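Protein sequences, first through last, are from chains A and B. If you read the first sequence in this note's numbering, its first letter stands for residue 1, the second for the next number, and so on. If you read the second sequence in this note's numbering, its first letter stands for residue 1, the second for the next number, and so on.
These are calculated hints, taken from the structure and not from any lab test. Treat the numbers as computed from the prediction; the structure is a model and nothing was measured. A few of these clues could be false.
Label-pair restraints from in silico Cβ distances [unchecked claim]: (1) A:E304 - B:A104: 47 to 55 Å; (2) B:H66 - A:D61: 54 to 62 Å; (3) B:M312 - A:D99: 53 to 61 Å; (4) A:E304 - B:D221: 28 to 36 Å; (5) B:E322 - A:V292: 22 to 30 Å.
Result set (EDC-like, lysine to aspartate or glutamate): computed pairs, CA atoms no more than 16 Å apart in a straight line [as the list claims (entries may be wrong)]: (6) A:K401 - B:D93; (7) A:K402 - B:D318; (8) A:K402 - B:E199; (9) B:K298 - A:D280.
Just so it is clear, CB atoms sit at the ideal spot from N, CA and C, and this is done for glycine as well.
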Amino acid sequence: MADAPGQTTPPAGPITVTDPAAGRVGHGPGAGDVWVFVEQRDGVAAEVSLELLGRARELADRLGVKVGAVVAGAGAPVRALAPALVARGADTVYLADHDDLGQYLALPYTRLVAGLVRRHRPQIVLYGATTTGRDLGPRVASTLRTGLTADCTDLRIGDLEMKGVVTEDLLYQIRPAFGGNIIATIVSPEHVPQMATVREGVMVMPEADEMRTGAVVEVAVSRSDGSAAPVGGSAPAAADTASTGGASTTAVVADGPILLRDADFAVRIVRRAQEEKSVDLKGARIVVSGGVGVGSREGFALVEELARTLGGVVGASRAAVDAGWIDHDHQVGQTGVTVRPKLYIACGISGSVQHRAGMDQSARILAINSDPGAPIFSVAHYGIVGDLHKVIPLLIRAYRKKGTG
Amino acid sequence: MNPPVDNRESRRLRLVVLVKQVPDTANVTGEAMKEDGTINRAALPTVFNPEDLNALEEALKLKDRHGGRVTVITMGPPAAVGVLRESLFRGADEVILLTDKAFAGADTLATSYALAQAVKKAGAFDLVLCGRQAIDGDTAQVGPQTAEKLGVPQITCVSRIDEVVAGDGAVSAAAGGDDTAAGDDVAPRGRVVATRSVEGGFETLESSLPALLTVTSEANDPRPPSVKLAMVYKDIAAEALPGYDDTYLDPEGDEAQVCMLDRGGRPVCRAKVVQWDHAAIDAERDLVGLRGSPTRVKEIESVVLAQSEARMVEATEDGIAELVHELIEEHILG
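So here's chain A without its partners, still in its complex pose (with noise of 0.2 Å):
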């Protein structure tokens, strides 16, 4: 799929199927890729980004097409995920290697996945529907007047009834809207790529398969000011990668130009730094948080050993934290910090919407409770009725056994 080098990048506008000048793209088999853009840091992908590869694959296999992964960075540790990308999944690595993309920024990366996008014409772009997904994807669909969905938690291809026309392979973006009071499936009928920001831990995290092989397409990144593209040097070094990070990536293409410029520039980091404060709740993939029926200070003892153990953090709904019990950085829900981790489990709280507006959009929601007309078994998977100072302990023991057996 990549293209000679030094193809140019067509005009600007927006890329819709009946486009005489967009040549075969649009939807279904023999259309464009399915691809996914990668976040990295310091040479680690985001694990939303290495699930999306998983259904990207899925997606690709049932259009015929390949999955293409566009992953920035600069110097070695971007380099080095290419073969990781490909065991995930990806039949094509966009590798974008350049000093200036170092860091993501809204504009330079913009440029880059929109100027990707108008020369390979990929028919569908996915994001993981982080800060930076959230950020990136709506400046890339509105620089190619594209549709874009955001949080989704499902991805299908299907097919599109309206007015009489039968639009065939569409991709069904779904998603809860209207405060997780409907689920829509939005689509895109008339416009490529068809763009979806994905939930984080909803698509199943592929196996890594290091006998998958994949072309990276190493992308000539310049700077308006003048400084060099990496790509005539650096390719080799892409090969190096290759050859000694796994054996699944094999050729090496190189792309046209994208031409970064000063004006991309207009927004730079002062100061970036891990959470200090002493709960990293957001980033928590399991939360385990109390309420009224704790009981007291004392009684939370039992929820931040149930989170000790299952290597999650500890959540509060806001009663227990007026009550003196926990610390404010621990609050769950509208006033206090918005969570969807893999699991959450509410000890004793009954679930007053302002909490569960907080953490109704968690993968898993376990809910321990005494009263079985508690309002937090609505939103819960699981339920447990009964005296959470019992029901704790035996989690604790069922989970140790099970981890040492």
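Start from chain A and add chain B according to the hints.
What follows is chain B alone, placed relative to chain A:
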């Protein structure tokens, strides 16, 4: 398109806030619940989108500190004038209602195009602020897309504005489009420093002005409506002009004003709501509303908010052990 720079305004900030009136999805009342347990969206009360209030608060704080002018723009049906009224009560100087049947059915792309056209029409600006996302759609897309349409940089998910330095007043909105990411003013430019929350930490960014920021609920506690301002505007009717409530107006003039009526039926000039349709903002008809929207809703499925959706697990050693086993099998627990 932009009016000439008014030098008297230099170093005072020109702030634009984009707000939305939304159904109150967080407080679903019994009346809004249909018999089958699904939501009757039309019956939900409307509210000022919460994070847009945080954006307005940031604008008002900047005005308090540096001086300046706060212009609030909303797009919606005539009833959306409610959020403009709320903005006036909190200290906004100018309010603009974008309303037109042509805007109906807009997705985020068509919405941001209309908003960007309105911002340009409203004149030169230093900062555009809006909430990170609205609680009805939760897309968080309109902010960055409006920034792109305006051709200005964006900082999204802002939890704190650290510093704003106005330029010499010569900055103006860039023409927009792909190649004018930040305009090319020669004069000394202002800057904004803002901190945004990102996964596992935060980052502080500095941008040249003009720029667009999307603001999260972490940024502040919005001020309540001012009693003093409510007194100033006390005669303003909650509703717009008679005959204006159910349908979109198609004003004859470029800047048809919805003059609020006092209780005696006299127009009140102190608080006028500027009303623009798509022609007033020089918007191409094919780029607004449903026509300008690449996305279509194929299907909507109501989530039935019934009790006991949860699979109940026995509070016994065996029941809990089985649950833990299942969660490990599904890689929910590591």
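Checked hints:
About 52 Å separates the C-beta atoms of A:E304 and B:A104, a value consistent with the hinted range of 47 to 55 Å. Distance hint check for B:H66 and A:D61: the Cβ-Cβ separation is about 57 Å, which falls inside the suggested range of 54 to 62 Å. The hint said 53 to 61 Å for the Cβ distance between B:M312 and A:D99, and at roughly 57 Å that hint holds. A hinted range of 28 to 36 Å for the beta carbons of A:E304 and B:D221 is consistent with their spacing of about 29 Å.
Range check, B:E322 to A:V292: about 28 Å between beta-carbon atoms, so the 22 to 30 Å window is met. Taking the CA atoms of A:K401 and B:D93, the gap is about 65 Å. The hint is violated against a cut of 16 Å. A hinted pair counts as satisfied when its Cα atoms are at most 16 Å apart, and A:K402 with B:D318 qualifies at roughly 13 Å. Straight-line distance between C-alpha atoms of A:K402 and B:E199 comes to about 30 Å, which puts the hinted pair past the 16 Å bound.
Straight-line distance between C-alpha atoms of B:K298 and A:D280 comes to about 37 Å, which puts the hinted pair past the 16 Å bound.
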